[in-house]
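Using the sequences and the hints, build the whole thing.
Protein chains in written order, with this note's numbering: chain A, 1365 to 1670; chain B, 1365 to 1670.
It cannot be assumed that every hint is accurate.
One copy or any two copies: either way a pair holds, since identical chains are not told apart in the list.
Simulated pairs of lysine-lysine, DSS-like, Cα-Cα distance not exceeding 27 Å [said to hold, decoys possible]: (1) Lys-1579 to Lys-1607; (2) Lys-1649 to Lys-1485; (3) Lys-1530 to Lys-1485; (4) Lys-1396 to Lys-1579; (5) Lys-1478 to Lys-1607; (6) Lys-1530 to Lys-1649; (7) Lys-1446 to Lys-1579; (8) Lys-1396 to Lys-1670; (9) Lys-1649 to Lys-1527.
Hints are computed from structural coordinates only; laboratory data are not their basis.
Protein chains: 2
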Amino acid sequence: MRLALLVIALSLAVVAPASAQDASKTKPRSAKEIIDAAPASAWRTLDPANTLYMELDSGRVIIELAPGFAPEHVANIKAMAKGGFWDGLSIYRSQDNFVVQFGDPDADEKTIAKPFPDGTKQQLPAEFTRSTNGVAFDLLPDVDGWAPNVGFIDGFPTAGDPKAGKAWLTHCYGMLGAGRSNEPDSSIGAELYVVIGQAPRALDRQLSSVGRVIKGMEFLSTIPRGPEPMGMYAKPEQRTTIKAIHLASEVPESERTPLQLLRTDSQAFIDATEARRNRVDDFYKIPSGHIDLCNVPLPVRAPPAK
Amino acid sequence: MRLALLVIALSLAVVAPASAQDASKTKPRSAKEIIDAAPASAWRTLDPANTLYMELDSGRVIIELAPGFAPEHVANIKAMAKGGFWDGLSIYRSQDNFVVQFGDPDADEKTIAKPFPDGTKQQLPAEFTRSTNGVAFDLLPDVDGWAPNVGFIDGFPTAGDPKAGKAWLTHCYGMLGAGRSNEPDSSIGAELYVVIGQAPRALDRQLSSVGRVIKGMEFLSTIPRGPEPMGMYAKPEQRTTIKAIHLASEVPESERTPLQLLRTDSQAFIDATEARRNRVDDFYKIPSGHIDLCNVPLPVRAPPAK
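Okay, here's the thing in structure tokens:
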């Protein structure tokens, strides 16, 4: 069904208006026009219980957690956020075209500097993949070099292997992952990283990905880089202090940032993605006929006034 | 020949050491080890006559121009650099996960604010693609969704269509392009942009790409973002002043930054790319079996001491 719709959209997108009079009828809508016209039902409201606010001096970074992919890590991260674990810690790594990383800079593989709050588990399983059994997977028709198929599960960019019945979050721009040492099960969510460059998809299935930045990426992406090759700052004063990371549900309602996301199974999302895949307008001259998973925008908006 | 080598490398990369005693013999080399061991002949020296220095308060951004792809734009850019056109102008746009753009912020499609130096052409052809006839194209074996094939020409990331006999620069992180208005031949190289996010490959073949940042990307990627959606600053004082953009060959030799780049047709480059494609080490558990063109690092170094 979706494939048929995409083919129809494709044939519309590359056709030129038959005449100036017909232009208003036959001109394909832009992605923006499609999204602006999406019905209320195409939008989902961000769940405060699955949302982190990272408060920096520069502004608020808003993160949607992915419990469907990494339930144990997400539960641990929530426990740490409730206990104020990250408050006063820092972003201690910024590597250009790769990641920023944050947590306790004085922790190492053996010892921690700041104690973990009550309810924090000290050992978690690796959560690199999930079963796709019974899970809605909004597939893209596009080829992907890294995985047999790609699309969206729970609104997150996802790759999958249908033979194995497995899916995993992809390391697109803005994705949040749990840093680990060499052992697969050595992450507990205390050290986290966000992708700030070209998607390092070679990391897919190698770490437990736990969510995605949906607003405020510019506060992370513009942090001064640390020295090569890893981007760890030489001096503590170069780090960016984290004022707090709290669950939105723990923040007074008046201080929350309400947001909605376009559902990846909505017709508006499908049509907007197709419009981008074969964009032809006054500026774009050649339809690409393709879109990369990590180039698909995931629209976010403030809820419309009632 | 290359494919055969790649297959051999692949079988080495995924094999585990037969025993601890054999580990030193059979362990595949990392990309870093391969590059560190590359012979002098694997490196090429950056040509000062094809190199731009963009001087910012934060540091020097070094750009390699691509005359093989956009000869007319590159000639015009050299004329503008020689005449000091950009000196005192600004980076007036910074859009997260997309581009920074610079030039004359007070110019529009009809008028310019700062006069062009002598030798600057006011009209150039679109240089979106080049012929591959007689051109060495160092192909990657990897599938690419955007183009029939991908690899490197003149050391630049490139996509190609062998049926059409055409190739074009790809919009990878750090690539430099010539902004234009709606007409394909409306760019002259006075307004330039650099990719600072996930490769917007839908722009490939839609603009004249003219070069690549090879050092100092962090000075561009961390520039505060302008407001959405386009990232154009609301106030002139938010712009980043360009102290100067000069050709390296016009700068006194003592003030130049000598650099070498790993040749993309060298065995070291081929082997290092294969090591990344199927990286398995203490940290990486699963070989990707793939690399995206825009994930292939293009190593740069200071020339070794004689």
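Against the structure, the hints come out as follows:
1. Lys-1579 to Lys-1607: within (17 Å within a copy, 33 Å between copies)
2. Lys-1649 to Lys-1485: Cα proximity of Lys-1649 and Lys-1485: across copies only (24 Å, versus 54 Å in one copy).
3. Lys-1530 to Lys-1485: within (26 Å within a copy, 56 Å between copies)
4. Lys-1396 to Lys-1579: Only inside one copy: Lys-1396 and Lys-1579 sit 18 Å apart there, 35 Å across copies, limit 27 Å.
5. Lys-1478 to Lys-1607: within (15 Å within a copy, 45 Å between copies)
6. Lys-1530 to Lys-1649: Answer is between; shortest inter-copy Cα gap is 17 Å, intra-copy 38 Å.
7. Lys-1446 to Lys-1579: Intra 21 Å, inter 42 Å, cutoff 27 Å: intra-copy only.
8. Lys-1396 to Lys-1670: For Lys-1396 and Lys-1670, only the intra-copy Cα distance (22 Å) is at most 27 Å; the inter-copy one is 57 Å.
9. Lys-1649 to Lys-1527: The answer is between: 20 Å across copies meets 27 Å, while 39 Å in one copy does not.
Of the numbered hints given earlier, the model fails none.
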